[in-house]
Amino acid sequence: MTYETPVATPAPARATPPTRKEGGVLSKRRGTIATVIVALLALAWLFPLLWALVNSFREYDYTQANGYLSFGGWTTSNYEQAWTQGNFGLHMRNSLLITVPAVLLTLWLSSMVAFVLARFSYRFNLALLGVFLAANLLPPQALLIPVFRMFREVPLPYFMSDSGSMLNSFWALILVNTAFQLGFCTFVLSNYMKTLPHEIYESAELDGASVWRQYWQLTMPLVRPALAALATLQVTWVYNEFFWATVLIQQGNKLPVTSALNNLRGQFFTDTNLVAAGSIIVALPVLVVFFALQKQFVSGLTLGSTKG
Amino acid sequence: MTHIDEAPRPATAVAPAQGRAKKLPGRDRATVIIMVTIPLVLVVLLVWVPALLSVVLSFGKWNGFGDLDTIEWVGVQNYQDIFTIYPAFWPAVQHNLIWLGFLFVFPTVLGMLLAVVLDREMKGSRFYQTAFYMPVVLSLALIGFIWQLFYSRDQGLINQVFHSQVDWYGDPDINLWAVLVATAWRHTGYIMLIYLAGLKGVDASLREAAAVDGASEVKTFFHVIFPVMRPINMVVIVIVVIESLRAFDLVWVINKGRNGLEVIGALVAQNVIGEATRYGFGSALAVIMMLISSIFITIYLRTVFREERNR
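Residue numbers (full-length UniProt numbering), protein chains in the order written: chain A, 1 to 308; chain B, 1 to 311.
What the hints contain is simulated information worked out from the structure, not anything from laboratory work.
This one's a predicted model, so the numbers in the text were calculated from it and none came from an experiment.
We put the CB at the ideal spot given by N, CA and C, even for glycine.
Honestly, I wouldn't trust all of these hints.
[As the list claims (entries may be wrong)] From chain B, some residues computed to sit far from chain A (all C-beta separations above 12 Å):
no.	residue
1	E72
2	G75
3	Q77
4	W90
5	I98
6	Q165
7	D173
8	L176
9	T188
10	F222
[Stated by the list, open to error] No more than 35 Å apart at the CA atoms, straight line, and that leaves these computed lysine-lysine pairs for DSBU-like:
no.	chain 1	residue 1	chain 2	residue 2
11	B	K61	B	K200
12	A	K28	B	K200
13	A	K28	B	K61
14	B	K123	A	K295
15	B	K219	B	K200
16	B	K61	A	K194
Here chain A stands alone, though its shape is the one from the complex (with noise of 0.2 Å):
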């Protein structure tokens, strides 16, 4: 489930007003006992995170003699054991070495594709939407088989990878999170182009701008909330990556933090206490991003569905 499905949830072509009223007030005693609800639920979600962070803190010594429901031994030192017997600073680095360049790519291409949609009705229109989209909801373990074969065929020169081959190397993830990740992109973008107005490039085609220039001047810009909230999307599922990761990086050092935390499993999962401070940090970079660019991501996710 590295990939996620294309949030495309078609709704009406109404254009949704920007102070659109919530969904109406719930009755009195029906609001009370909802929220008590949603409280306790809310409450029950959070648990397990805050119980992870909680622990990190606490040492092994102490809880294996008192317990977990005990009170004390608080320490910083798991996350200082963690971090240099699970080498984080170097799968940290892998993973943004994997994760900006996907993203730009992804990023890049789709609005290229979605441009051309949005833009022309070529006749294949559907045609081509549809083979990015699809290729986009395939589970990428029916590929695993050709692509892997592919990879360990294709030379790579040795500074470009020490395997020399792509397998093995930081370009076979780039692009192949790229090839999976053009579908939504491809397809919210071009939804989010398709509501700017035509009058503007009527007035640029007059003044004889070239097509490239339409994209790249006019278009990109007005685009922008777009993509940001893409990015955001894209950075959390890119840098979550598991499956391509795991399959097609065989040296130990070479794999991005996700996929590393299951490498240090053998020397982990004895230790709880050091499980959690693994977890908090590989988990701190996404949520750093998610609360930094909530409005974003959230947008993002439901750009599919209004129609930017």
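Dock chain B against chain A, hints included.
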């Protein structure tokens, strides 16, 4: 002879753009072609060609190490073996189906209800929403680790509270359910988000009209809100099916999909990166996955395209 009566034919493949006839100059045409071709080549090369090759390979026996001519073509033998003598297959199918059923019954229904409630003016609605969809940004593999803090036999919270000795991830009779609870933790927020997005499309005046008419909350839900959500339901069904079919990350971090956690996705991986590499056999499993998912991809695309045409 001059054909003065000849109708001007559309000179290029460019259909009228949004109702206006137009012709692109040569350089612009080249630009457009390049803009589409580069991404298209990437997707075709890394998704569609492999998909096709999986089908081809599924009719052969190959350990993947030798050249292509070491492939021994065996017809439908792989499929026959999968259905008859591969011990892990039917448990895997069963587990994928349980996965599907569980996701529908619990996280989907709960996520939908949460969305309907949180869509209203409620104090702290923002906070609750955040609480529910925070797990959505975490990877499933990571979620496997976080839930280990609850499931660990000796140090897990559940056993500590109940003074029990259950090995939640290790016991083949229950580990599937332990995994499903962890999955549900993330999936509920995801479904909630989709419905929240969809509910934004519900015309507020519809609801106001219902309120003026004196319709009860429940009636309003079933007669006004639910019909509007029908297209979202379709998308959610497709998402849940495909996600269940793709199930991999969690079971792989726990035990590489063995001992009670067999799922089809993990079986494919086992046949490629395990000790015994059986490419043909793994491909046949992959094709089975593809066939099932293609049904739902078709449904999904039809939903999307109907929207496109109605635009």
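Going down the list of hints, with the structure as the test:
no., hint, in the structure
1, E72, "holds, 16 Å"
2, G75, "holds, 18 Å"
3, Q77, "holds, 17 Å"
4, W90, "holds, 18 Å"
5, I98, "holds, 16 Å"
6, Q165, "holds, 14 Å"
7, D173, "holds, 21 Å"
8, L176, "holds, 15 Å"
9, T188, "violated, 8 Å"
10, F222, "holds, 15 Å"
11, B:K61 - B:K200, "violated, 52 Å"
12, A:K28 - B:K200, "holds, 23 Å"
13, A:K28 - B:K61, "violated, 68 Å"
14, B:K123 - A:K295, "holds, 19 Å"
15, B:K219 - B:K200, "holds, 19 Å"
16, B:K61 - A:K194, "violated, 49 Å"
The structure does not agree with the numbered hints 9, 11, 13 and 16 stated previously, though it agrees with the rest.
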